[in-house]
Amino acid sequence: MGHVMAIFGKEMRSYFGSPIAYVMAGVFLLFSGFVFRNQVLEFRDMSVYLQLAERAEKIQLNVNTDVVEPFFEFQTFIWMIVIPMLTMRLYAEEKRGGTYELLMTSPITSGQILMGKFLACYALYLLIEGMAFGYIGVLAAHAQLDWGPVFSGALGVVLIGATFISVGILASSLTENQIIAAVLSFFLLILLWIIDWAARFAGDLFFVILKFLSLLEHTRDMIRGVVDTHDVVFFVSAAAFFLFLTHTVLESRRWRT
Amino acid sequence: MIEVDHLTKRYGAITAVDDISFEVGKGEIVGFLGPNGAGKTTTMRVLTCFLPATEGTARIGGYDIFESPLEVKRRIGYLPELPPLYRDMRVHTYLKFIAKIKGVAPSEAEQRIDAVIAQCGLVDRVHQLIGQLSKGYRQRVGLAQAILHDPEVIIMDEPTSGLDPNQIIEVRQLIRELAHERTVILSTHILPEVEMTCNRVIIIHEGKIVAVDTPENLTADMRGTARFFVRVSGDVDVAAEAIARIEGVGSVVRSGHGLRVHWPADANLSTEVSARVVALGMGLVEMREEAMSLEETFHALTTQEES
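In the order they appear, the protein sequences are chains G and R. Residue numbering for the first sequence follows numbering that gives the first Met the number 0, beginning at 0 and increasing consecutively. Residue numbering for the second sequence follows numbering that gives the first Met the number 0, beginning at 0 and increasing consecutively.
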């Protein structure tokens with residue numbers, strides 16, 4: 000555990016000792032704030048319009064479905080762009096700078112290194128996400144929120160982050176070029192995001208498989224307020240699977256050929 | 000301390016290290032000598048458990064590099080050719096991180112850090128960013144990193160490459176100091192370095208060991224011949240011809256504006272040579288004995304296949 004914390008601390012220092020953490024947090028909060036503001040203003044206009052039209056009892060306006068849900072959905076979309084930039088350096092930079100050799104010749108396992116790196120990136124993710132959650136607090140001060148779906152949506156975002164990061168780390172472990180790592184993780188994430196699109200045109204068996212693999216499919220329910228164990232298990236095992244692949248990639252260099 | 004047993008490392012079709020075996024005892028400083036691409040770095044990477052061996056194995060302090068890599072890594076301090084530094088860290092922060100990953104007990108860490116900082120002459124650079132240090136200081140931080148956990152074995156890959164002459168002298172001095180009670184393997188392609196720092200030399204060429212001996216013995220092999228540099232005022236070719244006719248002279252080779260003359264070490268033909276030059280009516284501008292260096296031994300050993 001001490002070793003994991005050593006790597007964790009080093010990665011955190013690197014995130015906050017350079018502009019990376021601040022720029023990424025700034026970009027994320029700016030974008031999600033922009034979306035949040037527009038959603039709130041649109042909601043206000045809609046309610047004013049419905050009040051004037053005296054049709055409020057026929058069409059139900061709901062802060063949860065009209066503001067919070069799109070807000071969360073858009074957040075996961077921005078994360079798809081931001082996370083590859085947080086993960087791209089994790090292994091690629093060490094390989095390029097020669098420090099990978101230092102880590103691998105130290106009495107510390109590649110699993111410990113991986114865990115430390117993953118946790119550092121995840122902690123940064125949760126920190127930024129926590130700040131974005133402040134927007135919901137602003138909303139709650141002015142509107143009646145149903146907290147159930149808000150928390151299930153937040154849980155969805157927290158879980159999908161782990162999966163995104165593990166995909167990004169896998170890409171970073173495959174190359175010593177940070178740009179390639181970032182592009183590869185974009186590609187993997189977008190592929191996993193929209194893979195269910197192809198499901199409609201596939202046969203019965205592939206329909207089920209592709210639908211199941213899609214990240215979008217699993218977040219949708221959670222953001223709507225349905226916490227299904229099978230979605231939770233999906234995200235946790237997807238993260239574990241990509242971390243396992245990364246570990247295998249790193250260890251394979253030490254196999255006898 | 001270190002036993003290397005029929006070690007082979009192949010990258011696909013290329014054999015970088017070909018069936019090498021050697022032993023290094025406690026307290027020895029061994030130099031790996033060889034041209035670039037001879038397999039020095041690969042051997043070191045296998046010994047530090049960074050790369051797996053294709054065949055054969057090695058033991059460090061009795062632990063097999065393949066079966067118990069963590070135990071081996073605990074006993075080794077490694078300085079790769081490019082010092083493994085985080086440029087955005089300060090020297091002290093970096094060493095603190097190293098102490099953690101090398102498993103130095105937290106209670107001893109500060110004391111060890113202070114010790115290596117003093118030992119490597121980094122006292123006035125402790126709070127500087129590594130990225131802002133000069134190359135010589137980076138090399139020292141690299142050395143500090145390698146010895147921080149007080150390892151029994153230190154492996155250094157070209158520790159003086161890219162340094163200026165003063166820095167080279169400092170680093171060599173440092174290596175000699177570090178070597179007390181530790182086993183050191185260092186690689187280099189600079190020969191005087193080996194002569195100055197090592198007890199034993201292992202010459203590697205194309206992945207194979209071509210010689211293992213003390214630097215003194217290796218140069219002594221070549222000491223059977225004396226070599227003189229002779230410069231004359233007048234026609235060099237005429238002088239060369241005359242000198243070559245002296246009985247006992249081995250070879251006369253033109254070298255710049257002068258001549259390199261070889262004869263058996265016990266013959267002492269210098270008087271004869273000077274007399275012959277003067278007899279030709281020429282002036283003897285310069286005549287001095289040149290020591291056969293390890294350089295030539297090395298050159299002879301590593302080029303014999305081609306010649």
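These aren't lab readings, by the way, just hints derived from the structure by calculation. The model shown is predicted, which means the values in this text are computed figures rather than measured ones. Take the hints with a grain of salt, since some may be wrong.
[Said to hold, decoys possible] Covered stretches of chain G (chain R as the covering partner; in silico rule of three or more C-beta atoms under 8 Å from a C-beta of chain R):
(1) 13-26
(2) 67-73
(3) 86-98
(4) 102-109
[As the list claims (entries may be wrong)] Simulated pairs of lysine to aspartate or glutamate, EDC-like, Cα-Cα distance not exceeding 20 Å:
(5) K94/G with E80/R
(6) K25/R with E54/R
(7) K94/G with D149/R
(8) K99/R with D149/R
(9) K99/R with D113/R
(10) K25/R with D113/R
[As the list claims (entries may be wrong)] Examples of chain G residues lying across from chain R (beta carbon under 10 Å, computed):
(11) A52
(12) K210
(13) A239
(14) R253
(15) W254
Ideal placement from N, C-alpha and C gives every residue a C-beta, glycine not left out.
So, going through the hints one by one against the coordinates:
Given a C-beta distance limit of less than 8 Å, the hint that chain R covers the stretch 13-26 of chain G holds, as 3 residues qualify and 3 suffice. Coverage of the stretch 67-73 of chain G by chain R is violated. Counting CB-CB distances below 8 Å, 0 residues qualify, and the rule asks for three or more. For the stretch 86-98 of chain G, the stated coverage by chain R holds: 3 residues have a C-beta nearer than 8 Å to a C-beta of that chain, and at least 3 were required. Residues of the stretch 102-109 of chain G with a Cβ under 8 Å from some Cβ of chain R number 7, which satisfies the need for three, so the listed coverage holds.
Of the supplied pair hints, the one linking K94/G and E80/R holds, its CA atoms being roughly 14 Å apart against a limit of 20 Å. Proximity of K25/R to E54/R is assessed by CA-CA distance (about 25 Å); at most 20 Å being required, the pair is judged violated. Straight-line distance between C-alpha atoms of K94/G and D149/R comes to about 26 Å, which puts the hinted pair past the 20 Å bound. A distance of roughly 13 Å separates the Cα atoms of K99/R and D149/R; the hinted pair therefore holds under the 20 Å criterion.
Taking the CA atoms of K99/R and D113/R, the gap is near 15 Å; set against the 20 Å cutoff, the hint holds. A hinted pair counts as satisfied when its Cα atoms are at most 20 Å apart, and K25/R with D113/R does not qualify at roughly 26 Å. Interface restraint check for A52/G: the shortest CB-CB distance to chain R comes to about 59 Å, outside 10 Å, so the restraint is violated. Evaluation of the K210/G hint against chain R yields a violated restraint, the C-beta minimum of about 42 Å exceeding 10 Å.
Hint status for A239/G relative to chain R: violated, with the closest Cβ pair at about 24 Å, above 10 Å. Restraint check, R253/G versus chain R: the minimum CB separation of about 5 Å is within 10 Å; hint holds. The criterion of a C-beta within 10 Å of any C-beta in chain R is met by W254/G, whose closest approach is roughly 6 Å, and the hint holds.
Checked against the numbered hints listed earlier, the structure breaks hints 2, 6, 7, 10, 11, 12 and 13; every other hint is satisfied.
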